[in-house]
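J.: The lines below spell out each chain.
2 protein chains.
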Amino acid sequence: GWARAVRGLLLDVSGVLYDSGADGGVPIAGSVEAVRRIKASGLKLRFCTNETQATRENFVKKLRGMGFDICVSEVTAPAPAACHILKERGLRPHLLVHDDLVPEFAEVDKTNPNCVVLGDAAENFTYANLNEAFRVLIGMEKPVLISLGRGRYYKETDGLKLDVGAYMKALEYACDVQAEVVGKPSERFFESALAEMGVPAEQAIMIGDDIVNDVGGAQRCGMRALQVRTGKYRPSDENHPDVKPDAYVNNLAEAVDIILQQL
Amino acid sequence: GWARAVRGLLLDVSGVLYDSGADGGVPIAGSVEAVRRIKASGLKLRFCTNETQATRENFVKKLRGMGFDICVSEVTAPAPAACHILKERGLRPHLLVHDDLVPEFAEVDKTNPNCVVLGDAAENFTYANLNEAFRVLIGMEKPVLISLGRGRYYKETDGLKLDVGAYMKALEYACDVQAEVVGKPSERFFESALAEMGVPAEQAIMIGDDIVNDVGGAQRCGMRALQVRTGKYRPSDENHPDVKPDAYVNNLAEAVDIILQQL
Chain A
1 GWARAVRGLL LDVSGVLYDS GADGGVPIAG SVEAVRRIKA SGLKLRFCTN
51 ETQATRENFV KKLRGMGFDI CVSEVTAPAP AACHILKERG LRPHLLVHDD
101 LVPEFAEVDK TNPNCVVLGD AAENFTYANL NEAFRVLIGM EKPVLISLGR
151 GRYYKETDGL KLDVGAYMKA LEYACDVQAE VVGKPSERFF ESALAEMGVP
201 AEQAIMIGDD IVNDVGGAQR CGMRALQVRT GKYRPSDENH PDVKPDAYVN
251 NLAEAVDIIL QQL
Chain B
1 GWARAVRGLL LDVSGVLYDS GADGGVPIAG SVEAVRRIKA SGLKLRFCTN
51 ETQATRENFV KKLRGMGFDI CVSEVTAPAP AACHILKERG LRPHLLVHDD
101 LVPEFAEVDK TNPNCVVLGD AAENFTYANL NEAFRVLIGM EKPVLISLGR
151 GRYYKETDGL KLDVGAYMKA LEYACDVQAE VVGKPSERFF ESALAEMGVP
201 AEQAIMIGDD IVNDVGGAQR CGMRALQVRT GKYRPSDENH PDVKPDAYVN
251 NLAEAVDIIL QQL
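Going line by line, the protein sequences match chains A and B. Quick note on numbering: the numbering used here labels position 35 of the first sequence as 35, and the sequence is numbered without any gaps. Quick note on numbering: the numbering used here labels position 91 of the second sequence as 91, and the sequence is numbered without any gaps.
Only chain A is shown next, with the shape it has when bound in the complex:
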C-alpha cells in the first residue's frame, strides 16, 4: 500500500543516515548502500535536514567521509532557506548562530539589522549574546525573529543539550512575538525540498526518525512519511497522540528494500 506510485524520496540525515558521536558520527548499518541503491533506481532524492551547526559544505564533507554519495546541491537545510527569505523581504539579520554556520550568511547584508536569525548557537548561547539579540528585537517597532528550527533538545556524547527551540521560546516571551520557523516541520521548507526535486507531494515519501518534525510535518504537506526505528526513535513514539506514520521500518535499508520492490 504505502510504497505505491513513488517518484521521489526525502531523507532526514542525522538518525537516518548516521548516528552522531564523539568522533563526528558513524553510519547506520545499511544506509550507505541504501543511498546508492536509491540513486541507481532512478528515484529522485533529496536530503532534508535541520542541521545548523555547520555549513552545507562541511556537513556534506563529513557525510562523504563516512562513505555517503551526497553533494551540496542535494541538501535542503534551514540556513540557505533563511537566506532566501531574508533576500525576498529585504531583511538584514543580527545572527545568533553557531560559528561554523556564519559562512552560509556571507552574501547577506548584516549592517543595521532589522531582524534576528536564531540557530542552534551552542557555546554562543551566552548571557551576553542572548541579551544582545533580545535588545535588537525589543528595539524594533515590530520585532522579526527567524528561528532555524524549533527542536527542544538533543543528545550529544557528553549529555543532553537545549536546542534552538528553547532559546526561541525565551526570546518570544521576552519580546511578545512569535518566531517564524525555518526548517522542518515548516510547510514552506518541505515544499522547497519538493520543488527542488521536481516531484509533487503525492508522489514523495519522507523518511525520518523524528515523529513530529519529520513525519508530522511531511504528512501535513500531503506526503507519505515513514518513521525509522533508529536515531531518536523511541517505542513511545508509536503511541503518539497526534501523528501516525504511514509505516514504521527498522531502518533506511528496510524502507528502500520495500520501495524498490514496488517500482
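One thing to keep in mind: the hints can contain errors.
Because identical chains share one entry, a pair is satisfied inside a single copy or across any pair of copies.
Pairs of lysine-lysine, DSSO-like flavour, derived with a Cα cap of 27 angstroms [what the hints assert, rightly or not]: (1) Lys161 - Lys61; (2) Lys232 - Lys142; (3) Lys61 - Lys155; (4) Lys142 - Lys110; (5) Lys232 - Lys244; (6) Lys161 - Lys142; (7) Lys61 - Lys232; (8) Lys39 - Lys61; (9) Lys142 - Lys244; (10) Lys244 - Lys44; (11) Lys155 - Lys142; (12) Lys62 - Lys232; (13) Lys62 - Lys161.
For the record, the hints were derived by calculation from the structure and aren't laboratory data.
Start from chain A and add chain B according to the hints.
T.: Below, chain B alone, put in the same frame as chain A:
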C-alpha cells in the same frame, strides 16, 4: 472612595521606594519620609518585592543606606517563600540563581535534587548552567520547576536584560512542564504577605509600579491596588487591556498623603 477602611499597606520596593542605578540606587523623592509617616500612623506595613539578586539582609542593608526605615522581618520576598514550599513538600532543589541569593537556601537540603529552583541568575545564566538545570529536570519522572518570578526583562544602566521569565519559558518548553511561580503575581505570595501583616485583603492596599505583577496580582487577591507613576510605569499602562488600578498616584508620597487624610 478608594482609601476608605484601610488597615495595612503593601509596598513594592524597586520603582516605588527607589530607582536602581549604577551606584545601587537613589530614593524616589518623598519616599523615605512616606515610609516614616506610614509607620507613625499605626497602619500595618509590609514590603513585597520580587527581588532575587540579593538576600533580604543585603537588600535591607542597601535600603537602610538610602535612609529607609526597614528591617528584614518586614520583607516578603520570593526566596524565603520558595524555601517554605520546599520544606513543606520535601523538595531538594538544584539552584540556578544569582550567587548573592544562595545564602537564603543555606538551611535547605540540596543533595540528590528532585526539583529546580530558578531565579534571575544574571551572569550565572551560562550555556553550561542552563543545560545542567535542564538535565536535572528532564531526568525526573515528573519535573518540578519552581521559578522566582516571571518577569520578561528589566533595565540596568548598561541596557535591557532578559529576566527570569524568559529562562523559565525555555526550560518549560524543553521539558514540557509548567513552572510554579513564586513571587508576585502569584496569589499565594500576596496571601503570605497579608498573613504576615495580619490584615485581611479587603483592608489592604498594594502600591506598585508594575501594572501586571503588582496591581493585577493584588486585585486578584481581593486587595485594592494603586499604580505609582514612577519606576517602570509607562503612560501606555493606563490603557492596559486587562488591569485597571483602583487609582493612579504620582508617587508613593502622594498615595500616603491621601490615605492618611482618610484615617
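J.: For each hint, tell me whether it holds in the structure or not.
T.: For each hint, the structure was consulted:
1. Lys161 - Lys61: Intra 24 angstroms, inter 40 angstroms, cutoff 27 angstroms: intra-copy only.
2. Lys232 - Lys142: between (37 angstroms within a copy, 21 angstroms between copies)
3. Lys61 - Lys155: within (22 angstroms within a copy, 45 angstroms between copies)
4. Lys142 - Lys110: Only inside one copy: Lys142 and Lys110 sit 18 angstroms apart there, 43 angstroms across copies, limit 27 angstroms.
5. Lys232 - Lys244: within (16 angstroms within a copy, 49 angstroms between copies)
6. Lys161 - Lys142: Answer is between; shortest inter-copy Cα gap is 19 angstroms, intra-copy 31 angstroms.
7. Lys61 - Lys232: Answer is within; shortest intra-copy Cα gap is 23 angstroms, inter-copy 52 angstroms.
8. Lys39 - Lys61: within (19 angstroms within a copy, 73 angstroms between copies)
9. Lys142 - Lys244: For Lys142 and Lys244, the Cα distance is within 27 angstroms only across copies (26 angstroms; inside one copy 38 angstroms).
10. Lys244 - Lys44: within (25 angstroms within a copy, 61 angstroms between copies)
11. Lys155 - Lys142: between (35 angstroms within a copy, 20 angstroms between copies)
12. Lys62 - Lys232: Classified as within; 20 angstroms inside a copy, 51 angstroms across copies.
13. Lys62 - Lys161: This pair counts as within: shortest intra-copy Cα distance 22 angstroms, inter-copy 39 angstroms.
Of the numbered hints listed earlier, not one is contradicted by the structure.
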